[in-house]
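Novice: Now for the letters of each chain:
Protein chains: 4
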Amino acid sequence: MGIDAREACAVFGVFAPERDVSRITYYSLFALQHRGQESSGIAVATDKHIICYKEMGLVQQVFNESILRMLRGHAAIGHNRYSTTGSSTLKNAQPVLFEAQGNEARSFALAHNGNLVNTSELAAEAARFGVSMRASTDTEMIGLLLQQAWQEKPFVDALIEVLGRISGAYSLLILTTDSLYAIRDPLAIRPLALGRFPEGYVVASESAAFPIVGAQYLREVQPGEIVRIDAEGVSSFRFASGEWRMCMFEYFYFCRPDSILRGKEVYSMRIEMGRALAQEARVAADIVVPVPDSGVPAAIGYAEESGSPYHEALIKNRYVGRTFIEPLQMQRELGVRMKLNPLREVIAGKRVVLVDDSIVRGSTSRQIVKMLRQAGAREVHFRVSSPPIKYPCYYGIDFGTYDELIAANLSVEEIRQQPTP
Amino acid sequence: MGIDAREACAVFGVFAPERDVSRITYYSLFALQHRGQESSGIAVATDKHIICYKEMGLVQQVFNESILRMLRGHAAIGHNRYSTTGSSTLKNAQPVLFEAQGNEARSFALAHNGNLVNTSELAAEAARFGVSMRASTDTEMIGLLLQQAWQEKPFVDALIEVLGRISGAYSLLILTTDSLYAIRDPLAIRPLALGRFPEGYVVASESAAFPIVGAQYLREVQPGEIVRIDAEGVSSFRFASGEWRMCMFEYFYFCRPDSILRGKEVYSMRIEMGRALAQEARVAADIVVPVPDSGVPAAIGYAEESGSPYHEALIKNRYVGRTFIEPLQMQRELGVRMKLNPLREVIAGKRVVLVDDSIVRGSTSRQIVKMLRQAGAREVHFRVSSPPIKYPCYYGIDFGTYDELIAANLSVEEIRQQPTP
Amino acid sequence: MGIDAREACAVFGVFAPERDVSRITYYSLFALQHRGQESSGIAVATDKHIICYKEMGLVQQVFNESILRMLRGHAAIGHNRYSTTGSSTLKNAQPVLFEAQGNEARSFALAHNGNLVNTSELAAEAARFGVSMRASTDTEMIGLLLQQAWQEKPFVDALIEVLGRISGAYSLLILTTDSLYAIRDPLAIRPLALGRFPEGYVVASESAAFPIVGAQYLREVQPGEIVRIDAEGVSSFRFASGEWRMCMFEYFYFCRPDSILRGKEVYSMRIEMGRALAQEARVAADIVVPVPDSGVPAAIGYAEESGSPYHEALIKNRYVGRTFIEPLQMQRELGVRMKLNPLREVIAGKRVVLVDDSIVRGSTSRQIVKMLRQAGAREVHFRVSSPPIKYPCYYGIDFGTYDELIAANLSVEEIRQQPTP
Amino acid sequence: MGIDAREACAVFGVFAPERDVSRITYYSLFALQHRGQESSGIAVATDKHIICYKEMGLVQQVFNESILRMLRGHAAIGHNRYSTTGSSTLKNAQPVLFEAQGNEARSFALAHNGNLVNTSELAAEAARFGVSMRASTDTEMIGLLLQQAWQEKPFVDALIEVLGRISGAYSLLILTTDSLYAIRDPLAIRPLALGRFPEGYVVASESAAFPIVGAQYLREVQPGEIVRIDAEGVSSFRFASGEWRMCMFEYFYFCRPDSILRGKEVYSMRIEMGRALAQEARVAADIVVPVPDSGVPAAIGYAEESGSPYHEALIKNRYVGRTFIEPLQMQRELGVRMKLNPLREVIAGKRVVLVDDSIVRGSTSRQIVKMLRQAGAREVHFRVSSPPIKYPCYYGIDFGTYDELIAANLSVEEIRQQPTP
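Protein chains in written order, with our numbering: chain A, -10 to 410; chain B, -10 to 410; chain C, -10 to 410; chain D, -10 to 410.
Watch out, some of these pointers could steer you wrong.
Pairs of lysine-lysine residues, derived as DSS-like cross-links and limited to a Cα-Cα distance of at most 27 Å, are as follows [said to hold, decoys possible]:
#, chain 1, residue 1, chain 2, residue 2
1, D, 80, A, 80
2, C, 359, D, 142
3, B, 305, B, 359
4, B, 253, A, 305
Label-pair restraints from in silico Cβ distances [said to hold, decoys possible]:
#, chain 1, residue 1, chain 2, residue 2, range
5, D, 222, C, 309, 28 to 38 Å
6, B, 305, A, 125, 51 to 61 Å
7, B, 226, C, 363, 12 to 22 Å
Calculated directly from the structure, the hints in this document are not laboratory data.
Where a beta carbon is used, it is the ideal one built from N, C-alpha and C, also for glycine.
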């Protein structure tokens, strides 16, 4: 792959007065660490106020026993933020806490996964009314609008008003002193699942967080739905008529294989994609090799369907992942070489089907094909389980402009004919 | 698995006056990061002296551009140390530098992977001669003996004398101002490979380090062999008649799959082990599932040989590995649950062959079998690619005493009949 | 000086439901930073439970805005721990929290400055009754005894029982969910002062913490007194008939000059000591020079009384203090030289009176006298404001054994005749 | 005071082939830590190349034994950088190394204390010739110009050409593989002293660094002088006719009291300033009190001359200095209160002469006067040892614009009449 997912953050929420809500949030954020490694935070509600703790770093670096013990309350939300260059500061960490001066019981905290597309219009509009909206993030903008609207009408009315004004992708959790709200945009672009355990309810970007804390998957939060969880249980509101347009990258790239999307395990979908690929574009081959890790399930599915044996013939250095936290200049030069090493014995003289989940710019794919050839592959057949990526994304995935997307400029056949570097 | 490998360190050496030896060592240590994450160090030789830099942490944390630029010379050795409780201090980091006061050209540095079994005898012996051997590690002991012996005879003679006195497992690199020595104990217990590139030679715990720096695998350093690399090229001495008794854990657990052991890629051996397992103990099954990551190649081999489809039905949290750097009390309690999550859709109603590389104490294996049953598996057949571990190890692998080893106390059949927790 | 004060910690407590008690404690601990730089902690009480946060480091390193905001309650205690080799771990940080399982409202936290002299007897005694007292610090021992006693009788009765069993120096704060207790041993060896502001009460090792938080000094906690502060105000109990035997090092070394001991500012006492010194041992001199910083007030007093002009002719490197956090080997060698530099122009040809607060081993004093001579002093007269230190201390000041104390072995005249190094 | 000295950095250089030049530089930088706490660095020259190590932090945090041992050579320069907001990054740390690609023996390193006033003109001029001068600091600009000029003429000629083009304040050290250059601008605005020990020569921002490494003060580097130190010894060039216009802040604020400026100890000058103040503006008083620490010597001089007794009646929290490394918001609010505490017993009822070295904006001074009045002073007479600061500084001291300087807007009498807050 090689995409940079600005908004593949993780959100998690729990309402369970009898349980240790900060610890439950901690474990769940740990299970969702793959969606964001830059910063982590937890906000907790008591009857009187909301407290929040967040720091740069992985979940296990940010929290310790002492901090979890200070975060006591009846409900909590948490957030893992993805690392991107430029904006990597504690100021952008979430949840974002909006404290009501003089009346702390009207404070609230937000945790958000998504990307709005009309923030500059919202800021301009606010300016016209003489209100300065100094929001450095989408999350802050939503919070400021909500804070303002809540001064004039009940919370849910205010919330529906704000949701009517914002456009874009958002899976949003809001914690007030008495309720936890889970909201999904009308296209349901980012995932958000609802679960339960005996003493309460949980919501999470991915259901893979549920088993660790003993919760069961119930259902997706629906497009255009507000779910409210409070002492009375769960209630639901529709603020917009929605339809399912979930980001396809969630299906084949972002989500953990053990998460459930719309009732089905992601792993199984990926296996099916591999099978379909074998049905559509089978070729006589000696081995089926995944690009690790993103191509693994599709390769297994392809191998099973095609009858050619599956082999993990590209060995990944597990410690490479860490480098992006503090990249060393010299490593970029070595590029793919530092990350993957081919198994010569397995590859030499073989007809290889190479399976990945997607091609974005095509540069890494070229390097890998070259690497297989240098390792002695007789033939290399590249199979990709997702459709060609022909358009940039405005909802939070940063794989650049038309110019950079190889499938926006070349047909599949033309891509195939690209020379190896 | 779940073993604690006190001595699965990585060593690397390079002699190449025209190349940037510290940078080559840096990349190679990065490729060998899996053998040790506690500390890392590089020693570099000039004509006049040897300099050394080491710190606690991963290779990428220990070194930066400034430090690599200070480490200039014609030859270098490096070391990654494995993390174990109790002795996790900078004092135990390697390489260990022995500076000759007043004549720095007679300084030397050591990098060692292994475990001696007669250090207390050596210390006692030294004490009899009125010499205090205050060595806190095996490596320091070897260095002190060598420093003493070198005062009386030429370096190679001194080295052979010292090697005659020590017993145990050792793959040892010694850097002097003019030469690089690579030594392997008479049983060749720990791995050590020799490679070359146009401008010089490299030695490494595993050959997987070679491709990254553009070097080719030549051969293993032999049991009881001293390889010397200097301006004249490579020369070889035998200090003992040896025989091959390499640690079996290297074959199925420690080594990267892309390393070459005695001429053969480790991945292929592991595939063969899986095939053999299917031949010896085939069972009618719906899916073959590895315990990630150690069971993967054997499961692929088993699946291929048996005809049952391979599925990665236990999802591992990739961030768990980091916890052992600073383990949180609460995580231990959740144990296996934090680390692995089963795919219910894949497992439910199926006859499952579960493949791992080994069973040590058996406690984790029991948890995993239980987890599969809870996920709805109709049958669970556990297959293990290594032989039963019946004896403790004195050469550096800390899997405890007879009492703790399940196969030291029970037959395979008795193990099979152990109740699920 | 050069003594190592194992038990010069700082304690602080506040009971003020209408104020931000954790922030008040934070500022006060900052004002008392000089009594301990190793670790810092704050415990806060709500009606339902007690929470505690502590870490290694200075007050400003340990706490931040987020953490202070999580520490909400109606009362708090805090602690700064002094740094000593060997036991410098988070486990020894204070306050120590004793949580009552199942009934958190019976939890309590302790912050302690002092040193018990009968802990091994207490442990042995406990062992006789089949109770294992695994206390690694005095504070933990007191807490364990109190926890046990409270199971059988009301809190104050339990407390008085425990105080009857322990011997030694202690200024002790105990925080329960409804009260704050301040206790001083029957000899009042360590300082402890009571203060008030409009909304509540404070207690502190030193009254210098009071002005920063707007509190007024009321009085000392008396020898053998328990002060209880709760919603009703202040009440007092005597658990032993006491007498004043405060550690003399508090008067001339530990305490800030702006602290009040027994109603008088410490600075004024130190000026008086200098004046008395001039009356007892005046000598014709050109300048009066303090050993910085401990000798400054006594030198000012001596100069004023004697009529010779005061000059700060030894310049201290303000950054030396930091080294003891992570001492570099090389610095110890340079010793006094790194720390003090004489002003040649001021000293050359002069008759110098050098004033310090005490002599312990005498080695630093010798170095300083030598330094003055090398800078050209015509005469050097050393004047010391405290009495000769003739006996080791068992109450927490670690200046060693009889052998090491110069005044335990030599008369003042003999000390005077010691050769300069 | 309260000024922010953007360019009060420390530079140090040593040429001494037989000594451990990096260790000497380390100790000297430690002695000059007061001139800069943000970052520290050392560059070392061998015959073949120059190596450099620098990091954010104090000297003792940046260097350790391992790093000093890697920094071997015959000459070295070092630098401590002052902390200012905005530009506090490793990129601005010094020395700055200019490596000659392909011919490392023509590399050089610069360490600079000062502020150029014509950098934008130099950049514009370079741009006219089609050369992009991407220099983010003055030091980098000087280095780029020098690198360019050296391509066309011998080093000293190139250096003189560059010095002819730059304007402003600079005390500059340049290290080449064979020489160490010490240069001072024609007005000698920043200090720079030359010293010697038996085996070589040293240069430093302040001579207080010399005694620690056993060197003797020789003389100032003169206005408009280039001093070259190499294997032949010391030689001198004049690149401009200069005159003494040293920054007055060096005399009364920046320099250590034990440094020698133009042959005289700074402490003595400050005492003289205090005496002069007493002669010019004596008043009947009970005590003379310094604003610590900057007002201490002048207060001692004033007290001695006036006959009123000297008392340190404002107690400074020694740990405040550390806060500016990571300032906490809440501390700024408490301002002066956190830093200084008055001694009520000493002050109450007294006529106080308060002595400081300067008034910049006047805000802190007002707070201190108020504090003395609240502590009961009967009269407060403020005496300032430096002349009124009437003009902003373009040579590196950031005390702002005309508007902010109280003495640029008010006469001394008007300042006196300012109301206490």
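Novice: Take the hints in turn and mark each one as holding or not.
Specialist: Against the structure, the hints come out as follows:
The straight-line distance between the Cα atoms of residue 80 of chain D and residue 80 of chain A is roughly 23 Å, inside the 27 Å bound, and the hint therefore holds. Our distance criterion of 27 Å between C-alpha atoms is broken by residue 359 of chain C and residue 142 of chain D, whose separation comes to about 53 Å. Proximity of residue 305 of chain B to residue 359 of chain B is assessed by CA-CA distance (about 16 Å); at most 27 Å being required, the pair is judged to hold. About 19 Å separates the Cα atoms of residue 253 of chain B and residue 305 of chain A, which keeps this hinted pair within 27 Å; it holds.
Taking 28 to 38 Å as the suggested C-beta distance range, the pair residue 222 of chain D and residue 309 of chain C conforms, at roughly 34 Å. For residue 305 of chain B and residue 125 of chain A, the hinted distance range of 51 to 61 Å is not satisfied, since their beta carbons lie about 36 Å from each other. At roughly 59 Å, the beta-carbon separation of residue 226 of chain B and residue 363 of chain C lies outside the given 12 to 22 Å, and the hint is violated.
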